[in-house]
Structures are given as structure tokens and as C-alpha cells.
Amino acid sequence: MTDVASPSAPDAAMSHADGKTPPTAEIPVVVAPVRAPELIGGPPPGAATIEAIDACAWFGDHLVLEGVSLVMPAGQVTALIGPSGCGKSTFLRLLNRMHELIPGAAMDGEVLLDGSDIYGSKMRAQQVRTRIGMVFQKPNPFPAMSVRDNVLSGLKLARIGCSDKDSLVEASLQRAGLWKEVRDRLGQPGGALSGGQQQRLCIARSLAVSPNVLLMDEPCSALDPTSTRRIEETIAELRDLVTIVIVTHNMQQAYRVSDTCAFFLAGENSPGFIVEQGPTSKIFGSPDDARTLDYVEGRFG
Amino acid sequence: MSSLSLCWLIFSVLTDGVGWFGFFLVAYVAFLVLFYIATYDRLGRLAAVDRTVTVAVTSAMILVAIPLVSVVAYVLVKGLPALRPGFFTHTQRGVLPSEPASAGGGLHAIVGTIEQVGIALLISLPLGVMTAVFLNESRSKLRRSVRIFTDAMSGMPSIVSGLFIYATLIIPLARDNAIFGFDGIMASLALSVTMMPTICRSVEVVLRLVPAGLREAGLALGSSRARVVWSVVLPTASSGLATGAILGIAREAGETAPLLFTAFGYNLMNANPLKGPQESLPLFIYRFIRQPLESSIQRGFAGALVLMVLILSLFAIARILGRDRTRARRVRRFGPARAVASVVHHDRERP
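So the protein lines, in turn, are chains B and H.
If you count by my numbering, then the first sequence holds residues 23 to 323, one letter each, in order.
If you count by my numbering, then the second sequence holds residues 2 to 352, one letter each, in order.
Some hints could be false.
Said to hold, decoys possible - Below, in silico cross-link-like pairs of lysine to any residue (SDA-like), each with a Cα-Cα straight-line distance of 25 Å or less:
#1 H:K142 - B:A147
#2 B:K202 - B:D246
#3 H:K142 - B:I124
#4 B:K144 - H:V229
#5 B:K144 - H:A227
#6 H:K142 - B:D83
#7 H:K142 - B:A128
#8 B:K144 - H:R226
#9 H:K79 - H:P101
#10 H:K142 - B:G82
#11 H:K79 - H:R52
#12 H:K142 - B:A127
#13 H:K142 - B:G126
#14 B:K304 - B:P105
#15 B:K144 - H:R228
As the list claims (entries may be wrong) - Partial list, derived from the structure: chain B residues whose beta carbon lies under 7 Å from chain H:
#16 F164
#17 A166
#18 G176
#19 L179
Hints in this document: simulated from the structure, not taken from any laboratory.
We treat Cβ as the ideally placed atom computed from N, Cα and C, and that holds for glycine.
Bound-form chain B, shown alone (with noise of 0.2 Å):
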């Protein structure tokens, strides 16, 4: 899927590095939302059921996740919670294949995609990879790109086509949020913005392939108090266009964006597993386990 990309794609993408910006001084206050254009060789669109049945992760001879099944339904926000070392970030970096990349580190169980195994002998890691994209705890745009090759990277990464680059750049960064901040600076190197918008940048980055899964690591862990609400609107906004999971160690975070929640817990010596999953209303609210309930309250972890 991702292999039909036209052959000169790369190079174009290379090409316009001096990031022109497109006229929109006569464009009053508000900013009219960009449509995408259209993506050769690119994910299918629109956003995804993702599901973990039974999923297991070693690194080496540890066994660090035990028999997590959960769903995270297409066009919602699912967030992750529990203490550290309890396998969330494992479980998120199993839900796109990035898992497998440290060394010693091994799978059990199934990862569905729309109903298609992601671990299935039909998929390969960088189409999975080009579909669901990923978000890090840690800002990381490229430092050797401007912040439209940032954008585009993905593009020019995973060999996927685009007609019209310039409306792709500002349809991403509108998403992301980040548009209005920096659309006279679309040649300054991307480690020139602040953390806040580095972190936004990243999420421009991804959604430029228009995934159908955004997976987000603690993306505000790093970041100011404003910063993180910046982000957070932002994932209120991408909701409908792609299916969302974040693993947040702030729980006011969790309860803010998302719809439905898990919550992991690993023992001493013992591997990770979900206490216990639902809406994030009752999570929150009446969750039925008694650890749960200790911890949305704050009496542990």
C-alpha cells in the first residue's frame, strides 16, 4: 500500500525547503480549516478500531504484560493510567510495532486493526507504522529540517505522495494547532520552537500521513501548564478524524480528554495487566475495583 508512491515524490518534498507560505494576510481573524489533500499511496481514511486481545510483551526473559485485551473504538480518546512501571508505554509501543524494535523484546496474543491483524503475515511494521502513527513523551522534530520539512517528513520517510504540499502543510499544522504560531517561520529549523510547539509540531508531523490511529506517549509530560493545554485541545479537536490513545500519568489529563479509560497495574515481580476499563465517567466516577478507586483518588502511585 505504502510501496505506490510515485518515484520522484522524495526528491519533490526535498525540493521546497525554503517553505513558502501560502497568502492568507487577507484572511480575517479566524482561520478557515484547510481540507487535506489527497494522499497517494497513503493510509485508507478515516479513523480506526484498534484492539489488543490477549496481548503478552517480554524483554528478554521478563515478562512485563500479561493478557491485556482492550478496545479502543474508532473516533474516541482512550486514555491509559497507572502507576509507573505498570506496562502502558509497552502496551502503546506494542499497538504500533515499535515494541519490537528494542532488542529482546517479544510479543504474544493479537493487535487488530479495523478487524486485520497488525501482527498478521500480510502487514509489514512500516505500513502498520504509516497507519498508526505515534506521538513521544519527549518534543522530537527533526533538528536538521525546517518546520515544513518536519511536517512533510513523514511523506518523504514512508515514500507516500501528495499533489498539493503546501495545503498539506497548513491543513496539518491547523490540526495540530500550531498553524497561526508559525506561519511565517515555515523555513526557521524546527528546534527553533518552543517545547510546546515542538510537541505540536510532532503531532503535525504524524497527522501529516493522516493516520488512522494516533498513539500519544505522555505527550505533555515535558511541557509548561499552557503547553498542555494547547495539546489537550488539540486532541479535543482531532477526535473525530482519528482514533486517539494517550498514556498520561495526570489524571485531572485523562479525566479532561478522554471517553474511555484503562487503568494498568503491575505488582512487585509481577507483570502488567488492565484492573479495569469502561467509560472514563465511571472510571472516574463509581469505578467497581477498590484499586482503582485508590488511585483516581490519589491514594497511591
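Once you've looked at the hints, dock chain H against the given chain B.
Relative to chain B, chain H alone:
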């Protein structure tokens, strides 16, 4: 002062004929002891130990710097009188050995050095970078043995690489094909044998500094490993790659041994690296300095001066190019990886 006089007393009374070296050695030890006693008397034990060690370390530094400074100064004093602008525009064409050193020049040697080192760089930069990428980015089991191999290669005496080219290419093939005679390209091959591990090691260090988060970000966007290396890792490390290349050039420009039986040396201009013996700056020095005439020796020193200035300026360029990376490294130790580019950038913007 007192130690000198004390020492003179000891020496004149006890010995004669130990020589100046023994005199200074004993004088130095006596000086340290007296210095310790004097400070002890005035400031106490702690200060005395502190100052004595400071003095000892400082004088050790001076001792180490003496040879370096004297080499530079000696070449400067001997080479500068013979160095005329003509050195950069003339060859040794029609210059008799008996003429003064300011006649003729080393243009042919400079051209030869540039060609040989340039071709060697063209050969060994891609190979060195590819090896470094293999060592740092792949997960092959061969990495360990390749690393040992490059380390061993960088420790290899450079004359062996010249000998290697001489024995494997020049001796068996020179009779049938002019390219494999004594010429510049053979010198380039010999140089690249020693240059490749140098470049490989310095590039590997720089690649290791590229934050792992960037590679993960690339892979998470659906890229293959090879594309991540090409589009993300190498551009991020580009200033470090330039530094590695220049350090490689600077080291190879001064190599004499690999050239002895590859480029062979030549008194006239030979700009064609594919045919006929070629001069280079180290060979120019080597050949002239062995000759008995004063003017020839002076020519050699002029060449040495040019070579030294050339290498010094290359190192300076490498330092300037590498500064960005060292600064980024300092930042990364304290903060998250994202600071790499931003801090460099802010520093430049700030007046």
C-alpha cells in the same frame, strides 16, 4: 635562587662532571623542597602542599610544551627565510641544487598533495561513513569483529599501507598498465587505507550523539531503517561528518611513509595523478632535507612550514565546524534531546 646557590655549593664541593642535566635536576628538586619549606613556614601545611603540587604540575606542563614549541619555532626560523611567494607559483624546473633556496618552489608538491589527498578522501569518505553507519545503526552480529578490525587498522603503521599497495598492485601490474606504476592514484589508495579507519571512528562517535528519539520518530512515521539513516541521522550529524572528513585530510596530508614507494616523488610538475611519479609536500621535505647542500635543506624547511600551516588551518576549520556539536553535547547532558538544535540557534540569534 637559594636552591641554585645551594646546588652550586653541593656540586662544587661533592662532585665534578655530572653535567648540566644533573645540575638542573637536583636544582629543581631542591627548589621544590625549599619552596615547600618556605610556604609551610608562612601559610601552614595545607597551603604548602597545594602550592608545591601546583608548581610541580605547572612545570611538568612547561616541560611537555618545550618540544612542541621548539619544533614549531625551529621550522619557522629555518623555513621562513627560504619561503618566497615564488614557492606557491614555481616548481623545481631548471633549478640547480647550488642555487639559493629562494629560487624555484613547491607548486608541484602542493598540487600533488591536493590531488592525492583529494582522491583518497573521495575513496575513503563513503567507505568510512558506510562502515560507521554499519557499526552504529545495524544490528548485525558482525559489528564486533568489524569494530576490532577498524581499530586495528587505525593502529597500523602507515608504511605498511604503502607497502601493501606496492606489493599487491605496483609490482605485479605495473609492467602491463601505466596506472599501476608509480603515480598519484597509487598514493591515494595507500593513503585511503589509513584514512578510512580515521574517518570511520570519528564519524561513529558523531553518529552515536544523534538522539535515539529521532530514529524512533522516523521509524514511527513508517520509514525503513535505511531511510531513517539517510534522511534523519546523517543530516543531523552533518557538521560532525565534515569535521571527521577534515580531520582525516589533516592527518593524511602529513603522511610520508605510504607515499615513498607509491607516488615516489618528482621534481617537476605532474598534474596527472594517473601516470608518472608525483611529488607531494611530505615527500618534498623528505627528499630535500636529506641532501647535503644548505640551500636544499632550506627548501625542505620551507616545505615543512607550508605543510604545517596547511594542517594547522585544517584543524582550525575542523574545530569551528565541530563547535556546534560540542555545544549541543553540553546541552544534552542537562536537558532533553530536543534542545540540540534550538539552543544552538538561540545562541546565534542573541547579540
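Which numbered hints are broken by the structure, listed smallest first?
11
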